[in-house]
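Just so you know, the protein sequences line up as chains W and F, in that order. Going letter by letter, the first sequence gives residues 1 to 263 in my numbering. Going letter by letter, the second sequence gives residues 1 to 308 in my numbering.
FYI, nobody ran anything at the bench for these hints, they're computed from the structure. For every residue, glycine included, the Cβ atom is placed at its ideal position computed from N, Cα and C. Warning: the hint list may mix true and false statements.
Chain W residues, not near chain F, derived (Cβ > 10 Å throughout) [as the list claims (entries may be wrong)]: (1) Glu23; (2) Asn63; (3) Pro70; (4) Val85; (5) Leu131; (6) Arg141; (7) Asp150; (8) Thr168; (9) Glu242; (10) Glu259.
Partial list, derived from the structure: chain F residues whose beta carbon lies under 7 Å from chain W [unchecked claim]: (11) Ala37; (12) Gly192; (13) Ala196; (14) Ala199; (15) Gly201; (16) Ala202; (17) Thr203; (18) Gln206; (19) Val207; (20) Tyr209; (21) Val211; (22) Pro214.
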Amino acid sequence: MVNPSQDAPAQAKNKKVLIENLEIKYGDTVALTDVNLDIEANEIYGIIGPANSGKTSFLNCINRMDDMRPNMSTTGRVWFNGIDVTNWRNLYSLRRQIGVVFPLPVGLPLTVYNNVALAPQLSGINKKADLDEIVERCLRRAALWDEVKDRLDSLGSLLSGGQQQRLTIARALSQEPDLLMLDEFSIAVDPVTTMRIEDVLKELKKEMTIILVTNLVQQAQRLADRTAFFLNGRMVEMGKTEDLFAGKVQHQETLDYIEGRFG
Amino acid sequence: MTGRAVNNTIQTDDSPDLDWYIDRIVQVLMFIGGISAIVLIIGIFIFVTREGISFIFNDLDFAEFFASPRWRPTSEWRATYGILALIVGTASITGLAMMIAIPFSLGSAIFISEFATGKYKEYLKVLVELLAAIPSVVWGFIGLTIMNPLIIQIFNVPVGLNVLNAGLILGLMAAPIITSIAEDALKAVPDGFREAAEAMGATKWQVIYKVVLPAAKNGLLGAVLLGVGRGFGETMAVLMASGHAINLPENIFDSVRALTATIAAELGETAVGSVHYQSLFTIGIFLFLITFMINLTADLVVRGVKKG
Ligand SMILES: Nc1ncnc2c1ncn2[C@@H]1O[C@H](COP(=O)(O)OP(=O)(O)O)[C@@H](O)[C@H]1O
Ligand SMILES: [Mg+2]
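Work out the full structure: start from the sequences and follow the hints.
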């Protein structure tokens, strides 16, 4: 564990994530600007907003995936556990602490077992018994164990869409992440599976912080403690989810979006 | 409403219209194109078989053909037709070539696909294509005039036209082809896999080793097999660099002779229809079957046909 940076602002030390004046550009095009927000430990932080409003770009800044995109540049500060990730040198160690679930399930071309065992293996756990234990625990927590326990050795990509998405959640959990980021996870998942995953998230919240980017406004309402609304590359507003959904908003646009009167 | 005007031409009966005829014609043309390739292959096979068939049925002694290292078709006293030495020649050259080419090719394919970026990557790909386009006689020339004296000098051996020379040349020839196909296989791995693995904190090398290579393994194996097929079929460079001596090699400094080179060198000097002529065609059939099998395996492997 790295110690918090000396120059971290006082509040950064108490927050899981603190974002200051974040701006993201692709080439010369600004994708997201003027974002200031903080995320508490063990909360589910919802982010809603239409397509192209900058939600995915925002997530990419937190685990520094911008590093892989040559045309993407960011300014501003992102504090994670009181450490400035914009200057983080060993990005692998940062990313190992942050689990990510992508919109379309990315079942790696590996067996079900190895999909979940990969992260522990990467961090040096190689004993079969340990791996077995981790795989079972993570699959159980992702509510997938019962369906796949007899086919751990078949390819992950042969599972159904909803199963694959739970597999990616199990895979993210196998990293024992401190922060879990889900990007529109329910886009390719049936409603029943979505509900199951939502129940899983409510449980996980006890152990980790969750950022939930969602295309379903009601999903944020069901799960998020606080919610931010992104629109056209700006964070229009953020607040307690119950307040926003009770109509206590500062911007008419937020209300319009929440109530589906948009575009 | 202006939008309706477009729909006036919609046809309500089932009589063929222009689009229907064009579609039919294109289908027929495609069929002819596809079928002619197959017909051509079968035609070649029939031709080669017809020229060699009488030898196979009348003069061929299977045991001698495959087990004797004596290839003496022109002997006045007693002609023998043993291709063992030629098989061993071809196999040793190809084997050495693959030992050289496979690590280099896979290495450069990984580098081009996973590490090189932007312009640099494009330049490298063009360079590989250029290397693949060098005619084989030029490679043979290099073997003859550059490698030959080098090998004599460095290893202090009497002749530099041998398994080592031909293997090196063939390896250099096959490498760009394997590289290019292997790179295609790596490129076909979806970026989502790489991103997912990197998001887990995998290092570049871990991503390649744990995710990209397993995902591309069929394509990579196919690339290698096509390289092997290329090695078996290559003629000119091998003829020039191998020494072309009928010999069961004991080490890589012995001269050998390849199956293909034998056909190329002798066919012009035989009387059409003679036993010697027919025996060369029999070698041709043998080569045809081997390369066909290698390519078929490569094809099945690329398409991912598995055992169970
Ligand atoms: N790799 C990229 N290169 C260039 N522009 C991008 C890239 N990724 C996203 N963008 C642009 O940035 C903006 C925000 O995109 P994104 O963060 O994906 O939004 P969201 O996830 O809310 O749909 C969009 O206008 C999109 O076109
Ligand atoms: Mg997105």
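We went through each hint and held it up to the structure:
Even its closest Cβ contact with chain F, about 22 Å, leaves Glu23 (chain W) beyond 10 Å, as expected for a residue assigned away from the interface. Against chain F, the non-interface label of Asn63 (chain W) is violated: not every CB pair exceeds 10 Å, the least being about 6 Å. Look at Pro70 (chain W): its CB is around 7 Å from the nearest CB on chain F, not clear of 10 Å, so calling it non-interface is violated. No beta-carbon of chain F comes within 10 Å of the beta-carbon of Val85 (chain W); the shortest separation is about 13 Å.
Look at Leu131 (chain W): its CB is around 14 Å from the nearest CB on chain F, clear of 10 Å, so calling it non-interface holds up. Interface exclusion of Arg141 (chain W) from chain F stands, the closest Cβ pair being 17 Å apart, more than 10 Å. Remark: the non-interface label on Asp150 (chain W) is consistent with the geometry, its nearest Cβ contact in chain F lying 16 Å away (cut-off 10 Å). Distance to chain F contradicts Thr168 (chain W) as a non-interface residue, since its nearest Cβ pair spans about 8 Å, not more than 10 Å.
Separation of Glu242 (chain W) from chain F is adequate, the least Cβ-Cβ distance of about 32 Å exceeding the 10 Å criterion. Distance to chain F confirms Glu259 (chain W) as a non-interface residue, since its nearest Cβ pair spans about 32 Å, more than 10 Å. Restraint check, Ala37 (chain F) versus chain W: the minimum CB separation of about 33 Å is more than 7 Å; hint violated. Given hint, Gly192 (chain F) at the interface with chain W, holds; its Cβ is 5 Å from that chain's nearest Cβ, closer than 7 Å.
Taken as an interface hint, Ala196 (chain F) checks out: its beta carbon lies about 4 Å from the nearest beta carbon of chain W, inside 7 Å. The restraint placing Ala199 (chain F) at the interface with chain W holds, with a minimum CB-CB distance near 4 Å, inside the 7 Å limit. Restraint check, Gly201 (chain F) versus chain W: the minimum CB separation of about 3 Å is within 7 Å; hint holds. Against a cut-off of 7 Å between C-beta atoms, the interface hint on Ala202 (chain F) holds, since the closest Cβ of chain W lies about 5 Å away.
A least Cβ separation of about 5 Å between Thr203 (chain F) and chain W falls short of the 7 Å threshold, and the interface hint therefore holds. Restraint check, Gln206 (chain F) versus chain W: the minimum CB separation of about 6 Å is within 7 Å; hint holds. Interface hint at Val207 (chain F): violated, since its Cβ lies 10 Å from the closest Cβ of chain W, which is beyond the 7 Å cut-off. The closest approach between the C-beta of Tyr209 (chain F) and any C-beta of chain W is roughly 10 Å, which is over the 7 Å cut-off, so the hint fails.
Contact between Val211 (chain F) and chain W, as hinted, is supported at the beta carbon level, the nearest pair being about 6 Å apart and thus within 7 Å. For the restraint placing Pro214 (chain F) at the interface with chain W, the shortest Cβ-Cβ distance is roughly 6 Å, inside the 7 Å limit, so the hint holds.
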